[in-house]
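Residue numbers (this note's numbering), protein chains in the order written: chain A, 157 to 803; chain B, 332 to 431.
These are computed hints drawn from the structure, not numbers from a lab.
Note that the structure is a prediction, hence the values are computed from the model and not measured.
Every residue gets a Cβ at the ideal spot worked out from N, C-alpha and C, and that includes glycine.
Since no wrong hints were added, every one of them can be taken at face value.
Examples of chain B residues toward chain A, derived with CB under 8 Å:
#1 VAL393
#2 PRO411
#3 THR417
#4 ASP421
#5 GLU423
#6 ARG424
#7 ASP430
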Amino acid sequence: MPSICVPAAAVHGSRNFHFSIYGKKKNAQVSNDISTQYPVVDHEFDAVVVGAGGAGLRAAFGLSEAGFNTACITKLFPTRSHTVAAQGGINAALGNMEEDDWRWHFYDTVKGSDWLGDQDAIHYMTEQAPAAVVELENFGMPFSRTEDGKIYQRAFGGQSLKYGKGGQAHRCCCVADRTGHSLLHTLYGRSLRYDTSYFVEYFALDLLMENGECKGVIALCMEDGSIHRFRAQNTVIATGGYGRTFFSCTSAHTSTGDGNAMVTRAGLPCQDLEFVQFHPTGIYGAGCLITEGCRGEGGILINSEGERFMERYAPNAKDLASRDVVSRSMTIEIREGRGVGPDKDHVYLQLHHLPPQQLATRLPGISETAMIFAGVDVTKEPIPVLPTVHYNMGGVPTNYKGQVITYTDGADKVVPGLYACGEAACASVHGANRLGANSLLDLVVFGRACALTIAEEHKPGEKLSPLKPTAGEESVANLDKLRFANGSLRTSEVRLNMQKTMQAHAAVFRTGSVLKEGCDKMDAIYQTMDDLKTFDRGIVWNTDLVETLELQNLMLNAVQTIHSAEQRKESRGAHAREDFKDRVDEFDYSKPLQGQEKKPFDQHWRKHTMSYVDPKTGKVTLEYRPVIDHSLDEQDCARVPPAIRSY
Amino acid sequence: MSLLRFSASVSRRLLWKSAAGESVSTGCSRAASGAVSDKEPLKKAKTPQGRFDLPEEKSKDVLEKFPDDVNPVTKEKGGPRGPEPTRYGDWERKGRCVDF
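Bound conformation, chain A alone (with noise of 0.2 Å):
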């Protein structure tokens, strides 16, 4: 029976109200103790997730498939998350096209993060891949099949035989061409076959922290206005990424970095903030990514004097210059003053030059995306792009087995309580860059582990530790002080005002010069946060309240990702940099490691970057973690030592 509750306006300005819960939530309990204002819910639960994309829903229902009274709280409904958009595949080394092994993978993906990723994380990762893909198919994935029935497996890039000496693998396991969809709703089914409560349209403000353990979590139910409390030992985060923090992303308008913004408040680090991956041609406005195949096939890149700058850059390759060089270059143009557009902050892709047959067979449905997203015939006028961001990298520090844990003196502590999975968190499987396929796999592979971290280290139905009757003041009185904002700067143009200096200072092309001036700009704008203007003062589905607290949590984000990348003076997978270009380890890998003396930590840079925010203040303070380098079993399955990463 679903719950009915009175709402919230219905009893405004009046001090004693009476607020009555019916339905399934028997046990939850209004109480009066932080405030007289909101009415405030409590919950008592054994596990809470935050976030029902692939990793939420799989860390929720390997929770209550474990016994555990869990709940799963969700800004959106959960087939409506972004896991939705990841149309490609996930890869695991099942082996069903040639020869496979998972050594093989870890080694790829070692590779792939450029020596960031921590190996023992990795190594769990793809050791655990064809148990979870042959798990998704058992519950009912549809993946594409070959003639004798067996998943049939494509070659994506980045992924070889033999520790890079055999060829191209085939490792992408796919479903037509909508895995994530497809992913999103076999989870979504299986989760309904046990008793996870879904608290659905339900935004997170913030952790309940007692003595450095968490303790749950507090959400705002934006249908009714209504404070919930959800006490319980163990929290999940999984709330995704923060690509709104760049003016032109691929993702989600709720791609908001609440979990990587909670966990801060708490005064808990986040972790490599400053890898972004970008994609050189991202349509403005819209954020939809054009494919490299059209400048394949002889699309061009011109600035506004209609010029093909291309040349000037890479005078060989030209347009099919590799991505980071393509989108340099682009930024580099548009920095000189020669973007198109009204704004100057972008360039075209010119296709209109080929012959619009070619463009059919080759591209079938380029002019429908086109004009649906460009609003551009393709056959005539050129399609605006610049680059864009797609992935995060960076999030909420854990281990391999999904606790989040801090840097103090010197080694990892676990933070009781808490558990991260999904691209919020930094396991860190990607290290410095992710590959294509892995991210899906990330998902499925640390839900689950979350949920059996939390199966073996507690019971279903255990005491809960106490916690303070006022835990959670502060985030009410953060909501209430939002809602009556009467500043002069709208939520919307403080964003713009962000979203555009993270773009121009923060994006693909990083020097010192720029990423300085892009921190002062954005300390500048964090404290205008101090005066914005709300205008909706109700409770029921204030869309304004929500949209302020949502910019809160991406300048917490915004700030630390543009501080972390000016002080790394090294160029290292996503993050490159024009005026430190290479790479800065502990030992030079392009030479022979005889003779060489190893740097001290302070003085190399293959190092996780944990950053902290002063939410007052929006100072960021950072500190380093070293890399973990052994895997978990070095007998079977040895690490992969750093070299020269060259594909």
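We have chain A already, so just place chain B on it with the hints.
Structure of chain B alone, referenced to chain A:
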């Protein structure tokens, strides 16, 4: 509670009476126009006349489905429609690149 039940039953009886009255009148009208209704098929009362009786125009999708859903070149069953998405090194569909 009993009062409610009583009033509900009273209102139900009233409804029955009015429904019966209506059916009698429509029955009369149908009998009168019997000759016309034999030639035309009876249109569903709720939908705009005939709109849903025409065959729906199938929208042409640029990416055609393979016969039996089996890709003739790679023999993949249930795979992506149209040309191989990974042919340019990324996952391409309808000109869009998908990141995953």
